[in-house]
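Given next are the chains, with one letter for each unit.
Number of protein chains: 4
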Amino acid sequence: MSMSFQAARLAFVAAIASLVRVNAVDNGLARTPQMGWNNWNAFACDVSEELLVQTADLIVGYGLRDLGYEYVVLDDCWSAGRNASNNNTLIPDPIKFPRGMSAVAEDMHVLDLKFGMYSDAGRYTCGMYEGSLGHETTDANTFASWGVDYLKYDNCYNEGYAGNQAISSERYRTMGDALNATGRPILYSLCNWGEDYPWNWGSTIANSWRMSGDIFDMWDKYDARCPCEGKDAWNCELPGFHCSITNIMNKVSFIVSKAQPGAWNDLDMLEVGNGGMTDDEYVAHFSMWSVAKSPLLIGADIRKILPQDLAILNNAAVIAVNQDPMGQSAGRRWMYETEENGPGAIQLWTGNLRSTTGGRWNDMVVLLINGKDRAIEMNATLIDIFSDVRPKGKPAQASMAWEVRDLWADRMSTEKAAAIIAAAKGNSTVPFNATAIAEGRFNTTQTSYADGLKSNSSILLGKVIGTVEPQGNIKATVPKHGAVMYRLRALPSDRNIDEL
Amino acid sequence: MSMSFQAARLAFVAAIASLVRVNAVDNGLARTPQMGWNNWNAFACDVSEELLVQTADLIVGYGLRDLGYEYVVLDDCWSAGRNASNNNTLIPDPIKFPRGMSAVAEDMHVLDLKFGMYSDAGRYTCGMYEGSLGHETTDANTFASWGVDYLKYDNCYNEGYAGNQAISSERYRTMGDALNATGRPILYSLCNWGEDYPWNWGSTIANSWRMSGDIFDMWDKYDARCPCEGKDAWNCELPGFHCSITNIMNKVSFIVSKAQPGAWNDLDMLEVGNGGMTDDEYVAHFSMWSVAKSPLLIGADIRKILPQDLAILNNAAVIAVNQDPMGQSAGRRWMYETEENGPGAIQLWTGNLRSTTGGRWNDMVVLLINGKDRAIEMNATLIDIFSDVRPKGKPAQASMAWEVRDLWADRMSTEKAAAIIAAAKGNSTVPFNATAIAEGRFNTTQTSYADGLKSNSSILLGKVIGTVEPQGNIKATVPKHGAVMYRLRALPSDRNIDEL
Amino acid sequence: MSMSFQAARLAFVAAIASLVRVNAVDNGLARTPQMGWNNWNAFACDVSEELLVQTADLIVGYGLRDLGYEYVVLDDCWSAGRNASNNNTLIPDPIKFPRGMSAVAEDMHVLDLKFGMYSDAGRYTCGMYEGSLGHETTDANTFASWGVDYLKYDNCYNEGYAGNQAISSERYRTMGDALNATGRPILYSLCNWGEDYPWNWGSTIANSWRMSGDIFDMWDKYDARCPCEGKDAWNCELPGFHCSITNIMNKVSFIVSKAQPGAWNDLDMLEVGNGGMTDDEYVAHFSMWSVAKSPLLIGADIRKILPQDLAILNNAAVIAVNQDPMGQSAGRRWMYETEENGPGAIQLWTGNLRSTTGGRWNDMVVLLINGKDRAIEMNATLIDIFSDVRPKGKPAQASMAWEVRDLWADRMSTEKAAAIIAAAKGNSTVPFNATAIAEGRFNTTQTSYADGLKSNSSILLGKVIGTVEPQGNIKATVPKHGAVMYRLRALPSDRNIDEL
Amino acid sequence: MSMSFQAARLAFVAAIASLVRVNAVDNGLARTPQMGWNNWNAFACDVSEELLVQTADLIVGYGLRDLGYEYVVLDDCWSAGRNASNNNTLIPDPIKFPRGMSAVAEDMHVLDLKFGMYSDAGRYTCGMYEGSLGHETTDANTFASWGVDYLKYDNCYNEGYAGNQAISSERYRTMGDALNATGRPILYSLCNWGEDYPWNWGSTIANSWRMSGDIFDMWDKYDARCPCEGKDAWNCELPGFHCSITNIMNKVSFIVSKAQPGAWNDLDMLEVGNGGMTDDEYVAHFSMWSVAKSPLLIGADIRKILPQDLAILNNAAVIAVNQDPMGQSAGRRWMYETEENGPGAIQLWTGNLRSTTGGRWNDMVVLLINGKDRAIEMNATLIDIFSDVRPKGKPAQASMAWEVRDLWADRMSTEKAAAIIAAAKGNSTVPFNATAIAEGRFNTTQTSYADGLKSNSSILLGKVIGTVEPQGNIKATVPKHGAVMYRLRALPSDRNIDEL
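Residue numbers (the UniProt record's numbering), protein chains in the order written: chain A, 1 to 500; chain B, 1 to 500; chain C, 1 to 500; chain D, 1 to 500.
For reference, chain A alone in the conformation it holds in the complex:
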């Protein structure tokens, strides 16, 4: 093999790795998908200072903060209107938040958490409270003055300023500019449900954008209120709500390339722990959100969370995929809806992760999803796993052997999770923290996922379950409405090979 071919390949790999040069949005935040908690899925409008403070204490106590769940986000229904005698600034509901929002923010900050709030790019919020349309500067300044670190910005009652990318982007850009002008770094999370193709314009305005209607706690039930399905679902002008998790996962399959450091496809807040799905379904749900590089916002009532659900949310090996420093979404390599084994689709998703071997070959995440009503054996060939790499059909990686690591094998036992919950204080046994990536804020034992991966932590890499040979394939029995999730690593012998 000629040297020039080798040089070209090396250069190509380097070039791909260097594709992202500057920040998408200028605020420097969300270099990996944001993590945290939001009250909506479990509480809707039933919000209060007490809820936030209790939740924050438990986020710390259960070790979730130290895993990266950093933002405590208050959703809709917190306001009591505007103060006409004070520049029409927003007023917190004095019953729900008797000490005001600054005090809540301060409580969060004391716990080394961050505080998120909510408003709406319309006349009203979805809950019919005051919206920020026309009040962007005032409200951005108010949020900054309260010490807010995060804004979820919704789309209800938008007065018809929609139906076109230019109109919608302008409406959202106005608030983004206002937030930037405050000087305070505030993570900006668009909640326009995928209307008007936010993946085309969101990345220069904000840190994430919802790309579908609201999630509902179910696997795949069709609901007319979330009407877009299948291969045509990329063009959904009525995003709706009550969307199943497979519906959302299907919709993101079309736009995975839009995710990048600083700017993410938001698949909506997690339902893990809300009781509507089986354990296998929740495992699949968390795995899906992880590989698609969605923000991971816990949507359950932390105060009553079940041990088995905590043991999903605190799986550092799965979180490490989501928080991988390369910041590239996995993509769907195939989906089959054959009638074999009954109705339901099976899918393969794979994606690049930063190499943890010190060689030139990226690690790879592999997610097999079984939508059938029974457990089946599924296959993923190396050709399919690496089908995104040129040349198609003959990727070099398919001719290598790979170590296979099961990312769910080390899931915390229910007993241990129950003990943590019972003690109301976790042992913080997982010394990795997503938020350390951008900030280096923790001067304790916490390590960023990037550093943890670099140091080959087996906590983050999962359990070795075997090897896949060159041109081989991975077989796995996948439970009904479930998933298996693997990390592939180049075997030592292959790490520095020049060519195949």
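It should be emphasised that the hints constitute simulated quantities derived from the structure, not laboratory data.
A quick note: this is a predicted structure, and the numbers were derived from the prediction, not measured.
Keep in mind that a hint or two might mislead.
Pairs involving identical chains hold if they fit within one copy or between any two copies, as the list cannot separate such chains.
As the list claims (entries may be wrong) - Using 16 Å as the maximum straight-line C-alpha spacing, the simulated EDC-like pairs for lysine to aspartate or glutamate come out as follows: (1) LYS231 - ASP279; (2) LYS221 - ASP388; (3) LYS231 - ASP451; (4) LYS304 - ASP26; (5) LYS394 - ASP279; (6) LYS480 - GLU237; (7) LYS394 - GLU229; (8) LYS96 - ASP373; (9) LYS463 - ASP373; (10) LYS475 - GLU403; (11) LYS480 - ASP373.
Given chain A's structure and the hints, the job is docking chains B, C and D onto it.
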């Protein structure tokens, strides 16, 4: 079970109930869907003072006013152009309305009715009379000066100012602002046939918006002039006309969440009494419009209405669902189009109603629709009935027992209806009135639906036909092209239970 | 039956008839669909003064003028650019039109014909000649100064000013206003291929609008360049060209209600005589265009037209349907694509015609279309024929008996047509003329279709072939890729009945 | 046969030939589709002066320049930002391009090649480098000052200025105007992936426009990131990337008529030589791009190209079709997806080429494409081949006999191609050059394709393999995922016939 779990649940239920905080549109009208009569379906352009006055007399005489049918709405074709020597104000047709419109309005007001008129957000009305585009302030002032209480505002000949939410909403907002500026409360009813997604912007402009092309008096016949069907019908840029009632009901299934007090999905005026459908079909039609919280505008010739049709329109138990103070549209829980039992779809719709038991559990309306060409037995499980409640698949309500009440069981007999018609003067035996809700105008024996429901009136609650056990289901034989409609109420033993 | 019911019915019928009150577009032209000839389909850019003059002579000589074919329209490719030293006015090609356009117009006027020309709402015409975008006033004045009576206005090279109704309508309105400002009545024919829903805004701007891509001389062959088919074809953002006649007829089925006096759906110029279809197909084609109230522009080379084709184009009974004074398009009552009798669809179209009986009941046109590859017997029930009349399923007309008249039975014999062609001078045996409707210009023996129909001319009414009984149906053997076309007239006994 | 019929036919043929009168875009470039090389498909961001110079040398050395591959285009990732102290002009990356871009351009010019560069109509390029939105004049001047001859202009990070033809065309027009204002002829190549229908507005702004998402080196694999397929693919608002070559070919089938001299549908850069497809697939790929009149930009690493791939890219007979002076895209005459012979579609494409016989009949290119998984025998009837000619079904050409020439028969042997590569210097045995057409720049032995075709060069006309008789058809065995490509020429006896 822990107290905190119970507290959270209580809080959640309360939060849902308090979601709606402020008026969608500011005029304070239509807190429940408007009710009344409109001449178009039966008379089209054949309008006159005589028609309106005769109809108004019979609306009162047949007891319909006292049921809530309050607005007498004159549709298109009433004008004789503009008066160039008087600021281009609109001139009523002197032959059709020799005394002018103020006199007609006054006639209505004397009868404790309200008067509605019609114009168009275009150069011409659909009937090619003068439109209001560019004359909004003048015309709003004219309507107010005549004592008009309601404006239906159409979409013909709009000069191309459409095709985008921003453009259409601006065109309709102009008239809304002009109406508000008159100082007279005028219910504002958009008639843009669902073009440019009015459910996204209508609620901050108006009290209702048409969400489909014009109704035609038929069950389900396809007509190319109303081309959108099935699961893709949510995105219909050619609304057309000659839409069957099942076509419209399908279209509203996608957007039921947009209905709220003060702002309703308008499914178009009723066809009950116009002769195109069977009695079973009309019963289903009225039931559908009721649960979807459509405005209920009678579209028949009241002067020649048949007794069996009157006995549909005056069913207080069904109207009470439409006028329920919670103001939440039912939603479609499932639709099956299997070939079993022949062609045609079967559907289940359910929705929350304000509790009439004094406990914490909402009542529930259940509508089973049979589109098959023969009577069949249908089933609705509690799981499906309450599938909208979190957690999905395990709603607490499914583990309770419920009283089942048939809302059509107490339908007035044809004999009695015939007697009322013959006397040309109803006995006003139903002392409930929708309009009392917003205004408390009646100081007589009439009671609002809200108060009637609160007082447990069996007239409004329907006839008890049995009980459904926890985890059980409701079975009913549903006629061909027909429906059954039930109200579920928590049994006394369950009314105040904390948990299940 | 009560008198009031009868009165209501009478009123209803009268109301329908009086629906159209004012002109859609203000120029007073095209009260029935325009008729004439256009060179494009047969000659494309191969135009010259000689072609137009020879054609005009034969239009008169073959009796076509006296049937209403009045406009001789010159399509694209006539220009030699703009005259920079004369206000950038358009210059006719001096080789093709050595005497200039005024001379051509005068030639047409001398023959009692009218002269149409062509331009484009873009930078170039479709043939890459100078377009009128930005030159509207100049060009309108030029056309008026030349004595032009008709402008076909195309859509090529529109610089992106499209994709929205507001943008496109503005572009076309500019020329419409400029034409009106000249003071010369110029029929304005939009040729934007149905882009941006011209049926929504065309009627207040122009006299007709193309509603599909360009026609091609074939029955139903799919061509990717005209990609929209079937029930979804109403929403075609790529109108394309090479559209088959059944493709276009399908597309107009969705918007038939938009046709009205002064403003017509334009199905594109006729292909009759261009050799691509069979005689049966051309008969169906001409019948379709007639009932849909399309402008009838002959698209063949008149100088070489075959006798059998002339005998299609000069069928006064079919033209009388197109030129019926009521001006209402027929609609598709059903279309079946069952596999019975092989592939291909069968269709029924019916529509109201002004009564020719002196009674209150409209005449009715019935068109049965057979898209199968073999002749089949078809049925049209009175219920279906009158299904557009309320109440649906029980129209009064279905309970009457009707005279059935075959509109193709009196088609001119090939021998006679050949003789006319040979003589190069028709005998003008058909003394009816569409253009007399609007203008009363002919003081000879010609009579308008309206007057001819009023006088019960059997030439216009077709041949009586039988009677259809109340609740009955019409059976006909329809040839492969063909049509039968009937006029129904109320039988004398039923003409003045009050009710049924 | 009458003389007038003959005259009309002659006139018609002449008229068609003269349809294109003026330049679509005013810069006079790309009268035939541009040819050249672009680094993206093989190298992505791994660019350098060295790469371009080495490639340019080999383009000359392998004889590719003399075949017409003229433009060496540098894609994304070349910039180091803007120079704030020099009017914010763009700065080349000093490591990748140490001598600056002028030097590179000069290197190209010395080799009689032209130099292309890349920017983006957005805030960033797709690789997150500085975009030109808002800097159009500055950047156009910079490119001109560097001696750039070609600009590829991308669509990433466009800030939401999209979603409508008017908005997108304005964004692209701004740069086009800026390029024209420089006075330097710069070929302008839009890369907006078909968004907002650039075929409607691109031709008055630019020389070509991408009409699909990015190509991927595969035959037909579905990828959710390129979601539009089949008959509905004409309306793809999410162009995506990873589009297979058959996906792109399908998409262009709808808009073939938009291609014309100076303004071309761009099917994206070639994958020939990148290793993802079989030899048969690459032959089909190059044939497809040729007949669709796509720009032909080599996308492989020229320095490592395989002999068999060079022997595809240097097939002058196929290039001559692409560079035919008539400049008319072939169209798809049929596509069948029957299950016969297994899954996969078969297609026939044909198109007019300028006559090479001296007679009045155009040559015709015929491309048969086999998407099945096995070789099959395919048929193309003369009726289908000429189905685009009026009258449909009876084209005169179907009644003639035609010489059939195989355009791949004379493909260079692998041995010869290997020898050229080994010598690193081709013998330039093909004395035809596409670029001579527009410029006559070569005063050597090179001849333009137009002149070569006129002189009947067998190199350009392919190998005679037989004759097809009147009303006959062509049979060919087409390999799996492959194509055969023929040129039809009128036989001498038919060349000057008047009629048939």
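Structure-based check of each hint:
In this homomeric assembly, LYS231 and ASP279 never come within 16 Å of each other (Cα to Cα): the closest approach is 28 Å inside a single copy and 31 Å across copies. For the homomeric pair LYS221 and ASP388, the shortest alpha-carbon distance between copies (12 Å) is at most 16 Å, but the shortest distance inside one copy (31 Å) is not. Proximity of LYS231 to ASP451 under the C-alpha cut-off of 16 Å is found in neither arrangement, the shortest distances being 39 Å within a copy and 49 Å between copies. Within a single copy, LYS304 and ASP26 get their C-alpha atoms no closer than 38 Å, and across copies no closer than 41 Å, so neither meets the 16 Å cut-off.
For the identical chains of this complex, LYS394 and ASP279 are inter-copy neighbours only, at 14 Å across copies versus 38 Å inside a copy, given an alpha-carbon limit of 16 Å. In this assembly of identical chains, the alpha carbons of LYS480 and GLU237 never lie at most 16 Å apart, being 32 Å within a copy and 35 Å across copies at closest. Proximity of LYS394 to GLU229 under the C-alpha cut-off of 16 Å is found in neither arrangement, the shortest distances being 32 Å within a copy and 25 Å between copies. Proximity of LYS96 and ASP373 under a CA criterion of 16 Å is satisfied in neither setting, with 44 Å inside one chain copy and 55 Å between copies.
In the homo-oligomer, the alpha carbons of LYS463 and ASP373 never lie at most 16 Å apart, since the shortest distance is 28 Å inside one protomer and 41 Å across protomers. Taking the shortest Cα distances, LYS475 and GLU403 sit within 16 Å of each other inside one copy (14 Å), while across copies they are farther apart (52 Å). For the identical chains of this complex, LYS480 and ASP373 are intra-copy neighbours only, at 5 Å inside a copy versus 34 Å across copies, given an alpha-carbon limit of 16 Å.
In this structure, the hints that do not hold are numbers 1, 3, 4, 6, 7, 8 and 9, in rising order.
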